[in-house]
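Engineer: Use the sequences and the hints to build the structure in full.
Here's the letter readout for the chains.
There are 2 protein chains.
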Amino acid sequence: MTLDKFFKPKSIAVIGASRDPNKIGHVILKNILDAGYKGKIYPINPKAEEILNLKSYKSVLDIREEIDLAIIAVPAEFAIKVLEQCGKKEIEAVSMISAGFSEIGNEDADEEIKEILKRYGIRMIGPNILGILDAHTNLDTIFIPRLRLTRPHAGGISFICQSGAVGSATMDLVATQGYGFSKFISYGNALDLNECDFLEYLGKDPKTKVICLYLEGVKDGKRFLEVAKRVSKKKPIIAIKGGITEEGSEAVLSHTASLAGSFEIYKGLFKQTNIIHAKNLEELFTFARILDKSMKPKGNKIQIITNGGGYGILATDSVSENNLKLAVMSTETRKKIKRNTSTISTIKNPIDLAGDVTTKTYDVVIRECLYDKNIDIILLIVLMQTPLIGSDIVGVISELNAQQKKPIIVVTTGGDFTELHKRNLELRGIPCFTYPDSAVKAIKAMCDYYLH
Amino acid sequence: MTLDKFFKPKSIAVIGASRDPNKIGHVILKNILDAGYKGKIYPINPKAEEILNLKSYKSVLDIREEIDLAIIAVPAEFAIKVLEQCGKKEIEAVSMISAGFSEIGNEDADEEIKEILKRYGIRMIGPNILGILDAHTNLDTIFIPRLRLTRPHAGGISFICQSGAVGSATMDLVATQGYGFSKFISYGNALDLNECDFLEYLGKDPKTKVICLYLEGVKDGKRFLEVAKRVSKKKPIIAIKGGITEEGSEAVLSHTASLAGSFEIYKGLFKQTNIIHAKNLEELFTFARILDKSMKPKGNKIQIITNGGGYGILATDSVSENNLKLAVMSTETRKKIKRNTSTISTIKNPIDLAGDVTTKTYDVVIRECLYDKNIDIILLIVLMQTPLIGSDIVGVISELNAQQKKPIIVVTTGGDFTELHKRNLELRGIPCFTYPDSAVKAIKAMCDYYLH
Numbered sequence: 016m017t018l019d020k021f022f023k024p025k026s027i028a029v030i031g032a033s034r035d036p037n038k039i040g041h042v043i044l045k046n047i048l049d050a051g052y053k054g055k056i057y058p059i060n061p062k063a064e065e066i067l068n069l070k071s072y073k074s075v076l077d078i079r080e081e082i083d084l085a086i087i088a089v090p091a092e093f094a095i096k097v098l099e100q101c102g103k104k105e106i107e108a109v110s111m112i113s114a115g116f117s118e119i120g121n122e123d124a125d126e127e128i129k130e131i132l133k134r135y136g137i138r139m140i141g142p143n144i145l146g147i148l149d150a151h152t153n154l155d156t157i158f159i160p161r162l163r164l165t166r167p168h169a170g171g172i173s174f175i176c177q178s179g180a181v182g183s184a185t186m187d188l189v190a191t192q193g194y195g196f197s198k199f200i201s202y203g204n205a206l207d208l209n210e211c212d213f214l215e216y217l218g219k220d221p222k223t224k225v226i227c228l229y230l231e232g233v234k235d236g237k238r239f240l241e242v243a244k245r246v247s248k249k250k251p252i253i254a255i256k257g258g259i260t261e262e263g264s265e266a267v268l269s270h271t272a273s274l275a276g277s278f279e280i281y282k283g284l285f286k287q288t289n290i291i292h293a294k295n296l297e298e299l300f301t302f303a304r305i306l307d308k309s310m311k312p313k314g315n316k317i318q319i320i321t322n323g324g325g326y327g328i329l330a331t332d333s334v335s336e337n338n339l340k341l342a343v344m345s346t347e348t349r350k351k352i353k354r355n356t357s358t359i360s361t362i363k364n365p366i367d368l369a370g371d372v373t374t375k376t377y378d379v380v381i382r383e384c385l386y387d388k389n390i391d392i393i394l395l396i397v398l399m400q401t402p403l404i405g406s407d408i409v410g411v412i413s414e415l416n417a418q419q420k421k422p423i424i425v426v427t428t429g430g431d432f433t434e435l436h437k438r439n440l441e442l443r444g445i446p447c448f449t450y451p452d453s454a455v456k457a458i459k460a461m462c463d464y465y466l467h
Numbered sequence: 016m017t018l019d020k021f022f023k024p025k026s027i028a029v030i031g032a033s034r035d036p037n038k039i040g041h042v043i044l045k046n047i048l049d050a051g052y053k054g055k056i057y058p059i060n061p062k063a064e065e066i067l068n069l070k071s072y073k074s075v076l077d078i079r080e081e082i083d084l085a086i087i088a089v090p091a092e093f094a095i096k097v098l099e100q101c102g103k104k105e106i107e108a109v110s111m112i113s114a115g116f117s118e119i120g121n122e123d124a125d126e127e128i129k130e131i132l133k134r135y136g137i138r139m140i141g142p143n144i145l146g147i148l149d150a151h152t153n154l155d156t157i158f159i160p161r162l163r164l165t166r167p168h169a170g171g172i173s174f175i176c177q178s179g180a181v182g183s184a185t186m187d188l189v190a191t192q193g194y195g196f197s198k199f200i201s202y203g204n205a206l207d208l209n210e211c212d213f214l215e216y217l218g219k220d221p222k223t224k225v226i227c228l229y230l231e232g233v234k235d236g237k238r239f240l241e242v243a244k245r246v247s248k249k250k251p252i253i254a255i256k257g258g259i260t261e262e263g264s265e266a267v268l269s270h271t272a273s274l275a276g277s278f279e280i281y282k283g284l285f286k287q288t289n290i291i292h293a294k295n296l297e298e299l300f301t302f303a304r305i306l307d308k309s310m311k312p313k314g315n316k317i318q319i320i321t322n323g324g325g326y327g328i329l330a331t332d333s334v335s336e337n338n339l340k341l342a343v344m345s346t347e348t349r350k351k352i353k354r355n356t357s358t359i360s361t362i363k364n365p366i367d368l369a370g371d372v373t374t375k376t377y378d379v380v381i382r383e384c385l386y387d388k389n390i391d392i393i394l395l396i397v398l399m400q401t402p403l404i405g406s407d408i409v410g411v412i413s414e415l416n417a418q419q420k421k422p423i424i425v426v427t428t429g430g431d432f433t434e435l436h437k438r439n440l441e442l443r444g445i446p447c448f449t450y451p452d453s454a455v456k457a458i459k460a461m462c463d464y465y466l467h
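Same order as they appear, the protein sequences are chains A and B. If you're matching positions, the first sequence starts at 16 in the numbering used here and goes up one per residue. If you're matching positions, the second sequence starts at 16 in the numbering used here and goes up one per residue.
Nothing false has been slipped in among the hints.
Listed next, the in silico EDC-like pairs over lysine to aspartate or glutamate satisfying Cα-Cα at most 16 Å (straight line):
| id | chain 1 | residue 1 | chain 2 | residue 2 |
| --- | --- | --- | --- | --- |
| 1 | A | K249 | A | D463 |
| 2 | B | K363 | A | E265 |
| 3 | A | K38 | B | D371 |
| 4 | A | K363 | B | E265 |
| 5 | B | K340 | A | E262 |
| 6 | B | K244 | B | D212 |
| 7 | A | K244 | A | D212 |
| 8 | B | K249 | B | E215 |
| 9 | A | K96 | A | D77 |
| 10 | A | K363 | B | E262 |
Derived from the structure by calculation, the hints contain no laboratory data. These numbers were taken from a predicted model, which means no experiment stands behind them.
Structural biologist: Right under this line is the structure:
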């Protein structure tokens, strides 16, 4: 079975669907409907006739039609019984939301579940998960109301997340920041399908450009090594590991019952598989942004262009600290830029266009840098506070970026006025960052991935 | 002369005031008016009769009344002449916005300016500055339109910033994030007044709780050592240094003409003076947030409380990595919490209240931790996505924080729904962070400052 049934099911049974808006079985059903799912939906509840205007069934066994995916959202003590019914109904894909298994020491139930999966040939995500989401097929089975958690628009990032809370909180945040997602997979205790299965599937998913991974423990190191190595050749994988200290590892054990393992082992694993290691959640998503949006660079020679001297200095410091190279522009480029800029500009690296820069000047300077073979990547600092830059800067940068000659990475910092322009740049496919050092760290991650 | 004339002037002359909205002399005058300055304002322009409904003068010498502060916003070639007129008019405080001096190799003018300052006993900020702002006296002399750069509300943070761009971009950003400021000082080339003078002044300023400093080079190391050591005993100073690498130092030279000096020297200087060193702009302001808002901790033993397991793990990792201590709660606290929480909760450190936590449970658990002497600091993770937490969480946390028993530091991540609650918590004086590791780094900075 391919995992397609989890992401493109033609029919879904929601086991534990409820009329009570406070029950997660209700929220899941509502979210499936609200997201605009087009297939058949079967609420399952032993007591209800109808839920959210849909006919309800006592059990999946009461349904005549075929069911592609069952979502189990009943208390742990009933989970095994309904799972067995799924088996009898020949449902091949089960998403087990229910919690209360090995993560609280309930190991016996795990064995029973495994036995049922094997007997009936069911593949399962979970238990102890938040749900899954596919922004391209409008499938939303996450058990958190859409009012509390903003769903991302369709895009190129997929997120495999062992912790539901990490997944939901960060997806909510970055969706609001305009990140586009392909798939979101919360996989909890990973009793059956685990990170390797999802890596493999997303590696082949044409909608996924970048894979983000929050990992507490790997079940099968050997397989992970093999799969990750293969997938990361096709597309970047960025991973953050929870439980990298002794104290953190202990916390992992009572969370998803995973063995966290030594951080040294994971660092080795990431290195061998060319997985990009994010040190924190912020890096996970800034790295995803650049790898989702930017073209591949030819080398690591960076030209900084700025309208704020201090920003140029901080960016320069970051370039050096991250062992990237400052480009040395050709004499011809230098002369051309000199002719087109004011006397208070500094034409070195950084090019400091100072506070009286106009959009027109930016246009000329970026263009010259795009055509200079000594430059691989343009780090473009545009502080929107300076008075002579108009909103036309968005069009200028977008047009130059559309030529796809080399990566253009933008840094812009500010309040509402800046945010507006930043959002417009991002909508046009340009990766933007708030701080110079986070942009440079992201460039470093990109260079490490493509140029290693 | 005290520096009060720069921040609480009874009258201001704007030299270079203009009717043309694109000229900085116009923008400054408009900002002074729009910010609600209550004193006398004299536009100076040789050609205008009236600017923005104010009578205009050809020179400061044409004004009969006393002038506390002159703002010079004319091209560099006229700056010396008008400065001399300020001297004749016995103006003691001059803010020199004009650029085009030593930062572009124009050293001769520097000497002339110094000579005039000495001759007339003028104190000057600048040249090559963005302007200054006092959010408590509503003085806004920054030359960037208020539409492009959000001004902060009155609060406890003061920012001494050698780079105008760093100052304007970051102040714009953090003002939008709800940070409150006392004074903002862009000091550019520091031909007369420098970072030491401002440190000294802000050290005595009752409105300033925390001093942020962006530094490219220190003019007088010996004085800096002495002043910073003294001031940092009274209130925290957080500094970021531009030009910490060889390449960055070169960029400094063509920016504010400062000698960047070796980073090792600065690290030593910061250490000796107990200045908190921020590695990037983000740290500068997250550290400022915690030091502005939080009470002083008694020790560094942290109790993590979370409703998301993965967040608890990441926070635990950060606590260990930053050499802070995980508190071990008393048996009594443990028992009390156990009685009041659900079976899927984990009562260790972190306390994981899981996804079905209610506001009421948070209330009980935080309260118990506040009264446990084994705990110095509470790191409170509240993921607003979980369905049973209501908006009443803001009131609960605020009320417990108001008891001022120990620092409560909140981490919450998400989109609009979360942002709303985060903003409400911050308005009630609780320092909030988006990511666990940035919160822990800020706690580390706070502990280093208070407990060293």
